[in-house]
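Please model the entire structure based on the sequences and the hints provided.
At the far end of the sequence shown sits residue 98, using the working numbering, and the numbering has no gaps.
Some hints could be false.
Keeping only pairs whose Cα atoms sit at most 30 Å apart, straight-line, the calculated BS3-like set for lysine-lysine is [unchecked claim]:
| # | residue 1 | residue 2 |
| --- | --- | --- |
| 1 | K47 | K74 |
| 2 | K54 | K67 |
| 3 | K47 | K83 |
| 4 | K50 | K67 |
| 5 | K32 | K67 |
| 6 | K78 | K67 |
| 7 | K83 | K50 |
| 8 | K67 | K47 |
| 9 | K50 | K32 |
| 10 | K50 | K74 |
The hints are simulated quantities; they were obtained by calculation from the structure and are not laboratory data.
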Amino acid sequence: MIIKQDRSAEIEYLIDEYGDDILRLCYIYTKDYSQAEDLFQEVFIKVYKNIDKFRQDSDVYTWITKIAINTCKDYLKSAWIKETFCFGRLKEKKKKQ
Numbered sequence: 002m003i004i005k006q007d008r009s010a011e012i013e014y015l016i017d018e019y020g021d022d023i024l025r026l027c028y029i030y031t032k033d034y035s036q037a038e039d040l041f042q043e044v045f046i047k048v049y050k051n052i053d054k055f056r057q058d059s060d061v062y063t064w065i066t067k068i069a070i071n072t073c074k075d076y077l078k079s080a081w082i083k084e085t086f087c088f089g090r091l092k093e094k095k096k097k098q
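See the structure below:
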């Protein structure tokens, strides 16, 4: 299924084949369509950069899905930290006043 000679055609095929599912998965995690689109792009950039490392131990769909899940979880962790940090700073400012 994966032909390593023509990487751009490969990625185009993977996006055509699995793109809707990956975008839907990103939306389920973020509940924000715009952010889901950004994560979708990030997922396929990671796929493009790492396609040569795919060992075919599993189906390519499973591999891409795992990349998408990890990318979404990383985003949510960073968003949570930013929100918590900003909220904490806001509380400190109010206490000082």
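The hints, checked one at a time:
With a C-alpha separation of about 15 Å, the suggested pair K47 and K74 falls inside the 30 Å cut-off, and the hint holds. Between the alpha carbons of K54 and K67 the distance comes to roughly 14 Å, so the proposed pair stays at or under 30 Å and holds. Distance restraint check for K47 and K83: the Cα-Cα separation of roughly 24 Å lies within the 30 Å cut-off, and the hinted pair is therefore satisfied. Under the criterion of a C-alpha separation no larger than 30 Å, the hint pairing K50 with K67 is consistent with the structure, at around 15 Å.
The straight-line distance between the Cα atoms of K32 and K67 is roughly 19 Å, inside the 30 Å bound, and the hint therefore holds. Restraint check for K78 and K67: the C-alpha separation of about 16 Å stays at or below 30 Å, so the hint holds. Between K83 and K50, the direct Cα distance comes to roughly 28 Å. Compliance with the 30 Å bound is thereby established for this hinted pair. Proposed proximity of K67 and K47 is supported: the alpha carbons are some 11 Å apart, at most 30 Å.
For the hint linking K50 to K32, the alpha-carbon distance of about 27 Å falls within 30 Å, and the restraint holds. Taking the CA atoms of K50 and K74, the gap is about 20 Å. The hint holds against a cut of 30 Å.
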